[in-house]
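Trainee: Work out the full structure, taking the sequences as your base and the hints as a guide.
There are 2 protein chains.
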Amino acid sequence: MPDTTTPASAAVSASLDSFFSPRSIAIVGASASAGKIGAIPLRYQLECGYQGKVYPINPARAEVQGVRAWPSLRGVEAPIDLAVFAVPSAQVDGALDDAIAAGVRNIVLFSAGYAEVGADGAAMQRRLADKARAAGIRLLGPNCLGFMNVAQDVYATFSPVVGAGKARAGSIAIVSQSGAFGAYAYALARERGLGLSWWATTGNEADIQVADCIAWLAADPATRVILAYLEGCRDGERLKAALALARAHGKPVVAVKVGRTGLGAAAAASHTASLAGDDAVYDALFRQYGVWRAHGIEEFFSIGYALSVGRLPPNDKLGLLTVSGGVGALMADDAADAGLDVAPMPEAAQRWLTERVPFAAPRNPVDVTGQVTSDPGLLEATAQRMLGDGGYGSLLVFLAAGGLSPSMAPVQTRMAAALRAAWPDRLIVFSTLSHAPLRAELDALGCPSFDEPGRAVRVVAALNHFRRHLGSGAAAPAPTPVLPALALARGTQNEADSMALLGAHGLPCVPCRAARDADAAVAAAEALGYPVALKVLSRDILHKSDIGGVALGLADAGAVRAACARLQDNLARHAPQAVREGFLVARMAARGGIECILGAHRDPVLGPVVMFGLGGVNVEVFQDVSFRLAPVDRAGALEMIGALRAAPLLCGHRGQPPADLDALADAIAALSRLAAAAGDSLESIDINPLLAYPAGAGALALDAVVTGTAATAGPAA
Amino acid sequence: MPDTTTPASAAVSASLDSFFSPRSIAIVGASASAGKIGAIPLRYQLECGYQGKVYPINPARAEVQGVRAWPSLRGVEAPIDLAVFAVPSAQVDGALDDAIAAGVRNIVLFSAGYAEVGADGAAMQRRLADKARAAGIRLLGPNCLGFMNVAQDVYATFSPVVGAGKARAGSIAIVSQSGAFGAYAYALARERGLGLSWWATTGNEADIQVADCIAWLAADPATRVILAYLEGCRDGERLKAALALARAHGKPVVAVKVGRTGLGAAAAASHTASLAGDDAVYDALFRQYGVWRAHGIEEFFSIGYALSVGRLPPNDKLGLLTVSGGVGALMADDAADAGLDVAPMPEAAQRWLTERVPFAAPRNPVDVTGQVTSDPGLLEATAQRMLGDGGYGSLLVFLAAGGLSPSMAPVQTRMAAALRAAWPDRLIVFSTLSHAPLRAELDALGCPSFDEPGRAVRVVAALNHFRRHLGSGAAAPAPTPVLPALALARGTQNEADSMALLGAHGLPCVPCRAARDADAAVAAAEALGYPVALKVLSRDILHKSDIGGVALGLADAGAVRAACARLQDNLARHAPQAVREGFLVARMAARGGIECILGAHRDPVLGPVVMFGLGGVNVEVFQDVSFRLAPVDRAGALEMIGALRAAPLLCGHRGQPPADLDALADAIAALSRLAAAAGDSLESIDINPLLAYPAGAGALALDAVVTGTAATAGPAA
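Going down the list, the protein sequences come from chains L and V.
Start counting the first sequence at 372; every next residue gets the next number (my numbering).
Start counting the second sequence at 372; every next residue gets the next number (my numbering).
Keep in mind that the hints were calculated from the coordinates and are not lab data.
All C-beta atoms, glycine included, are put in the ideal place defined by N, C-alpha and C.
Among these hints, one or two may not hold up.
[As the list claims (entries may be wrong)] With the C-beta cut set under 10 Å, the calculated list includes, among others, these residues of chain L facing chain V:
1. 417
2. 487
3. 550
Mentor: If you want it as structure tokens, here you go:
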């Protein structure tokens, strides 16, 4: 069911410090009966060493779990930063009134029975959220498992997963829309020894969304890495702002977003009350904001772990050091897939190694062979050469089962310590079977380790990604020029109006004019210069050639008149209902361009999006298109072009001249600015074809349709 | 360096039973000094409970490790099935003489210093292998870690990995070309509790190759699953025969093959002495023989484990049962990627569930929600409905961290037992965080379990793959008609000879004739009927239109004569050195066909291969081509066509008529038979274009080049 409780504003204004770092916590519905929802958060809170005040609220008892209790929030008579509502939904209204009266600032609402159960629940949730908002109270939930601030010993959750054992404190924050996933993720983190700073599930998101959590975590000093699990998004602008904030603070965000496929999206839609949006647009969002989209839960945690333990490598070059040539080749395969630079060792360093180990493979992967068992110093000496002479930003050392060997494990730790001391800025990753104590030692030395070499390679790729987006050398995203807002006219516009609008906004359009009748068409043709193309003009006809509505290469007035008659006939015959707006006369375009398509549309969640692809089968059969959130600058537009599998066709394929990529990029950027300015009034803009001429010869839009949203009130821009 | 020790014959004739199930084992170089290469296999052998005879061989001691020793193999005077050579390479020749004298049947040779160290070593290895072969002795190695027959307590290895702890006995066999990988794999199997039947590393493969091991394992009663690690292959025919044998015995083979990418292939080539071959052709081999090519080590073991514990599902339908809607959607994404059929539950079963749990998602994924904590029977009841009413061949149950919960873990075991009893033929997989005891219980019930739901989905896909190839319903591969062997003429043949050869072998070729001069060309044109195409004929000119060597649509004798003069001129001007063979006159093909390319070539390792793709950018830019080992039948050819990303273009794209797929498939099959018959005399055959006309209208080859290998002696076929 659709969620109608979303506040209109996208701004993340009020700080959530008092929420997530509360100095006092009241637990409404605090219970003494172990296992009850009201008992669990109180028990967690009492056991964890929290330094603030805790106020159990229970009308029937003076004491709960050995702590003084209050009958109502109103009775506490002290500041309450956070109230945890662990009561059935029927009691929530009353508790909220009490909270307002008591000046409570923030509420966690576990209770279910709201938007997730249907329209009545959604209405109830909306009333609740409105009332809280009016009172200046922030709300997490309803229908959530709450949150934990591990760094500050806050456990505002009733999830039994914490009772089964606490995850250790660390620098990874996890935020999950789904409670079940959140609990699973907590257990996974605990079992793998990952250190958590913070954890939350956002449930129905009546107020606080995943985006708000990310924005708060961006500035949380305990958090170095943000792991976010999304099923959808209620407010795209808020999410964009939060991701921008995380990037500005240099905090990597790793995301799992369900609904990559049609099947997954359908399942997610049936599950979550939030709008899905187009998954390809999420990909664009993540790419543009430097988020790493994890391919699965395993990768989600592997990368989170490596970010919390390791450092971002100073360059893209990856050195592969192995005791198995075969696994070296496997890692090289994975590195090639991940686009990493497996540059060869310098010649001198290669000679050094083959002098020491004649049958070593010295290039990269560097295979020191089984020789390491008889010459344990070989490994470290080779690694030093690789980091020194080779200059690799990342070093991945594969030691097979070495970590389980009582003789090899200490070699590994000593080596890690020596390399870390000599090369503090490098990413050093081990792939070896090992037990928890060795892993912990390597972690402490800033060297993540993995059983599986393929996973280690993928992690190196992710950390390079974050270096490019967040590292000291990363360029801050260039501010994209923004046009003043404009409102597109409602509905579909005819080709003449569409081309005029695009031309006025910097898109290279073929010179063309609207003409009411044959006389006007001839006049237009004379003004434009022969030969011309003639098309019927009607906002109702999208595929003009299908109804015989196009005539090309008309060389003189006679030909134009004849074509006018013919086209009018065809229109009358094949589309008698279509509104008639006369003709469009256009100068014939020069031959030789490559057909591209360029478009924009408004994603229901993430807003204006620009799309680019090559014409014909590339788009229709291979679905080879690039998306970006609008606006993009020229560099972003060039990246879009380069991301196409068909990009070689634009770069001088089979002796053809390379296309004018700058002109294409300028056209993409111009359309993206227009789309961004059109905002909510944008339904879609399609330019098809956009001809790409050889370098220096520009690009040219031959046909276009602009469609404003039906709801837009404004006149044509 | 190339390996020249491969025996020419591909037949796997002699049984390896006495090798891998020896009744007696001699250890040459048996030592008492712990840690020495000669001490380790004896220690393993003595400790493991082996029932056969063990003969330590040591010229200096009457007793080694508390067991009577013999000074030489000659002194044993009892049958020796297997001799393990744990001596430096300098002593190997003498030991081999002793072995021959003593009638030893099989030898494991650990020693290094052979083909892997250069030409001298390769020559030494060749002499050794020849001598052993002449004496009827089979050889594993040199430069290998040996083998273990876990089921029969044979430990003919010196790898320290076994000393660190033995893997439990089970039904998984591992064969690895690489020793380092083999040791790593053994440790991984042990750490994960996988049960092994057998393990071997083949090293330099002077005699026994990975293929021979697979062939033996095909009939080994202890082995249910074969995991094979390949870096290359010395004998493609042997590998094909072994894989066919494994399939005939219904044994799944999971393979890791390095060198997927150029980078990985280069690393593998520098590491292994075996020929690489084209990786795409390995893909074809694996596909055709029903091998699952694992994407990494993790998947290699996950699938091996699931095959050893679970069963092959009776149908492709996958039911997803989850306690988290979000993870349900994630699994649906993964299932869609894997091409699984996530069919919805029947309506009645959906109603049943929503009556019981109003807010459940009943379709598929089936989300029973957190309700399971208060209603533990819900999970099993839903699963029963899914297997019963839903008829799902596979059921994947996601329980988050449930396996770690003292209350939920027993629910899970009870459920597994009940489902197994009620549905013995289904594949039931759990994804839950759990500890080893729960996993072992689920394993014992035939239900594999995984931490990560994505991995579980991938495993279900693999087991469905094996059902299709090996299951009771799997069709035995149809015998492909084989032509009598034929020898192609050496070198490149001109278009006329090429077309004639193809036409004679059932390929639909445009009617055409060779003509020595203009008079003959006119005669040919009259015989074929106008209009005709004219081309210069020369085996030296592959791209005739580039030199102005093609004239199309010639309507009469005059046009033909004029074109002859023009083409001859062009040839003289642009390719004066080219051999002149006159002209080819061809009937003009009907318009409207889709351009395809069809080819064959001989892979240096795996032999004749057939290739199909669509013309133009599909092949050149998108590399969208299908390969299969030749021959293929019509069904295999249709599968090749369907595997193209561009396949929709042949199936009636944008209102065009669908192409004549049967005619295309017949052409592919015909060329594949010709390629198979040509065998070693085949260098390449290229048909470009092959026009695909609308269904019923056939296909037509317009141009072709046949090239025989330079070494071929025979006349033109």
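Trainee: Next, verify each hint and record whether it holds.
Mentor: Comparing the hints with the structure gives:
1. Given the 10 Å rule on beta carbons, the hint for residue 417 of chain L is violated: about 22 Å separates it from the nearest Cβ of chain V.
2. Checking residue 487 of chain L against chain V by beta carbon gives a least distance of about 6 Å; that is within 10 Å, so the hint holds.
3. For residue 550 of chain L, the shortest C-beta to C-beta distance to chain V is roughly 7 Å, which falls under 10 Å, so the interface hint holds.
Going through the hint list in order, the structure does not satisfy hint 1, though it satisfies all others.
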